[in-house]
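Please take these sequences and the hints and turn them into a complete structure.
Heads up: the protein sequence lines correspond to chains G and C, in order. Under this note's numbering, the first residue of the first sequence is numbered 1, with each subsequent residue one higher. Under this note's numbering, the first residue of the second sequence is numbered 485, with each subsequent residue one higher.
Misleading hints may appear alongside valid ones.
[Claimed, not checked] Only part of the chain C face toward chain G is listed, based on derived beta-carbon distances under 10 Å: (1) Ala505; (2) Gln524; (3) Glu544.
[What the hints assert, rightly or not] Below 25 Å or equal to it, Euclidean Cα-Cα: the simulated SDA-like pairs (lysine to any residue) are: (4) Lys522(C) - Val396(G); (5) Lys522(C) - Arg4(G); (6) Lys384(G) - Asp516(C); (7) Lys181(G) - Gly574(C); (8) Lys384(G) - Lys522(C).
For the record, the hints were derived by calculation from the structure and aren't laboratory data. Nothing here was measured: the structure is a model prediction, and the numbers come from that model. Don't be surprised by glycine CBs; every beta carbon is placed ideally from N, CA and C.
What follows is the residue order along each chain.
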Amino acid sequence: MNGRAVRYFIGHILRWEAILMLPALIIALADRSWGAVNGFLITMLLLLAASSLLLFVGQRGDHSMQAREGFVIVGLGWVLLSLFGALPFFISGQIPRFVDALFETVSGFTTTGASILTNIEGLCRGLLFWRSFTHWIGGMGVLVFVLAIIPLSKGSGESMHLLRAESPGPDVGKVSPTMRKTTRTLYAIYVVITLITFLLLVLGGDPAFDSFCNAVGAAGTGGFAIRNAGIGAYGHYTQTVLSFAMMLFGVNFSVYYLILTRQARRALQDEELHWYIGIILGALVLLVLNTRRLFPSLGEAVHHVFFTICSIITTTGFSTVDFNLWPELSKWILVLLMFMGASAGSTGGGMKVSRILILIKSLGNQIATMLRPRSVHIVRLNRKMVEDATVRGVHVFCLAYFFILAISALFVSLDNFDGVTTVTSVIACISNIGPGLNMVGPMGNYAAFSDLSKIILSLDMLFGRLEIFPMLLLFAPAAWRRNG
Amino acid sequence: MFIIVVGQGKVGTTLSSQLCAEGHDIVTIDNDPAVLKKLQETLDVATLCGNGAAASVLEEAGAARADLLIACTDGDEVNLLSCMVARKLGTKNTIARVRDPEYDSDLRLLKDEFHISLSINPELTCAREIFRILRFPAFMKRETFLRDKAELVELRVAPGSQLDGLKLMDLRRLTNEKALICAVERQGQVTIPDGSFVLQGNDRISLTAEAAGLVRFMHDLGLPAPGIRKVMIVGGSRIAIHVARLLQRNKVRVTIIDNDEQKCHRLTELLPEATILCGNGSLQEVLLSEGVKDTDAVLALTGFDEENLTISMFANYLKVPKTVTKIDRTDHLEVYSNAGIDTIVSPKLLTANEIVRYVRAMGSRSGQSMLALSRFMDGKVEAMEFAVPAGANYRDIPFRALQTRKRKDTLVAAIARNRQLIIPSGDDCLLADDRVVIVAPRDVSISALKDVFPGGNV
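In structure tokens form, the structure reads like this:
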């Protein structure tokens, strides 16, 4: 383990967290909400002190790393990011209990959008802004951001370990030959689509503050609303813009890169994209048929069902209507979508469409091999063979996913809520969605859970966002040994 | 520049890492996913798995936008095809590794069809390097700069020789030839010395001198410059054949030992004037009975690094004046040179260097200013050739006055002006359109001449 590399990168993460708090601080200052100003200032000072110390110790010398350092930096970095990010809520006194503040912050950074707040509008605007902005930071990833900015040793490919550990998907690769260009391209695409969404929302007549918070909420596929009524508080225009924005942010960003580099044909041939769109349309038809009678007109039904599906499959978690009141079939289709999640390489969570595809294809292969033992099969994605190692990785990932789901549900069941609440709360957290069913449905929240459950669910959100292994490795003693 | 490297064997990976370190955008193509995975973890490059001669793969790699494609797979035919396809897709320049000399005529015949900007034969490149070394056996390495006018050579200071204990500013008293010692390696540490530096025995030094005056310089310093008349080559590889041909053209007697009978027959057929022996050249008795003691140089060119090393060590032990060792795995070069194996050639490094040089020249056409580069002292020191830009604020000022503005760890090693070579002293200065050689340790990043003179305006 090269502690120097770990200190160096974590130092940079914390420094940038302090810088990224600035807009929220300015808003709090403008609103003269001194509690929040205090909270931000103290946190920023702490962050700067900690990062200066880490960078002072880690600045010089050798920052070389292996896969292990990559995992540890990402896992530890996110935990620290959340701990510090929770401080403004706590210090300002607007979320009086630290566990609650932490839950809210983890939920923000992991783009979950699960809230413990019963009265969202009770928070001051500075804190609301920070709460939504964490979605945007966490959506594309804080290390991707750091890699785009800090000086890297030229020509070395070791930062690949960081990209691999933080970015979602079964097989992470660079879109452009160098790391610097890759991360900058990703962020450029991210910023541009976010800005377009923001402008469209402003043009629709929403206040700029609301538009920004909703735009970043959709961009990170997070789902924190800043109104008690969620997105239901806005008009149809806003809801439609957000539906499409969420859908776009659930697409693999390399598709946009290909379009930018005039390879649109290759981009549109992406198998995962076909399935992603196909599943959205399929679910739309089924759900509209199933919920038609709940809405006054077919147009209304399509509008709200489309919004809900986009919100759930991209794991955003915005809501316009209470889907908890929908028929059972619709609810369970939504739960299945929660499991699946968005595309690899997007800002969305869940298991990812491409993993499900690989899983189903390898299942098919297994059946074919059992029927005809001599036949040879491979898993193909985008007409290319998927490496055996990748397929195995997907199997292990799914196994770990359900394992963590089961263990977490066991802990949460201590709170003695009904089964649907228990299970869907864990699914909603590990898939980074936010709302589940029953008590944690779109109109509910997580306030009633015990501290233990909140901590377990916070961990689940981190497990889900970082795709399990970086977090899991933090608990392995061997990861911390010098030469283990 | 945007460069595609096809084939990630020995040469391919070396090339990728060097070009990547120079800040080019690299896409590498290979058909072994394991190699690519490893590569992606060590280098900041994009990788693509597939056949590098297939149009679909090249298209995906971005051949349409590429400035250069370098094909260095094992197969000559694949490389040629890859270059042709890339060219058709829109790649601006292509470099192919073509090792089979039988294709030489094809290359000439089909020059326009292949569209190859440069074809490289690693074995021939290596053979030429060995030949150059043998012409001045006292040098561990020789390189020419400034259109072959300046020589940059590397040698070891023999304990007790005239150089041992010499203060560098006194060098001019020993010889009238102009020479400048530009880097010294002592116990693994490299220094760029100034005039007060004192040499010690066993220092490894590199110096620049005028090509024409090198022989006299060596003579003035009392360094033996024995002519090589008899060479023994162990291992009848392709390199051996190329070297033997070059040597014979210069009337050197060549003996080649190989233990493969069929190969020996073929060698006899190809090299009628050489003595071909069939036997195991790594055995002491074979070497001794074939008169290794009386040869002027032993070239260890078998396919195995270990065998080559043992042969060279044995030859050193017998005090054969010069040994040259071929090494493929280059990660231990420093260890070998500490063990007394001084002159090492590595086809992969030589090939990669030659290609990198070409890429740099391409860059200089497109506005970057480095014209040539070579590495010394196991890659710890770089010598770079630049043209002095017309508007530079450091020209027309004697070096003596420039001292405060020049980086201390760099050295102006030679200047070419109007077909004249100047080995600079404090009174010289740079003029517009001069070409200069700069020597600096590798960790000092110099990409333009202005990096050497970072001080502001005077």
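Results of checking the hints against the structure:
Against a cut-off of 10 Å between C-beta atoms, the interface hint on alanine 505(C) holds, since the closest Cβ of chain G lies about 4 Å away. Evaluation of the glutamine 524(C) hint against chain G yields a held restraint, the C-beta minimum of about 6 Å falling below 10 Å. Annotation: glutamate 544(C) was flagged as interfacial toward chain G, and the flag holds, the nearest CB pair being 8 Å apart, inside 10 Å. A C-alpha spacing of about 22 Å is found between lysine 522(C) and valine 396(G), which places the hinted pair at or below 25 Å, so the restraint holds.
At most 25 Å may separate the alpha-carbon atoms for a hinted pair to count; lysine 522(C) and arginine 4(G) meet this at roughly 23 Å. Taken as a hint, the lysine 384(G) and aspartate 516(C) pair is honoured in the structure, with Cα atoms around 14 Å apart against an allowance of 25 Å. The suggested pairing of lysine 181(G) with glycine 574(C) holds, with an alpha-carbon distance near 23 Å, which does not exceed 25 Å. Simply put, lysine 384(G) and lysine 522(C) have alpha-carbon atoms about 20 Å apart, close enough for the 25 Å limit, and the pair holds.
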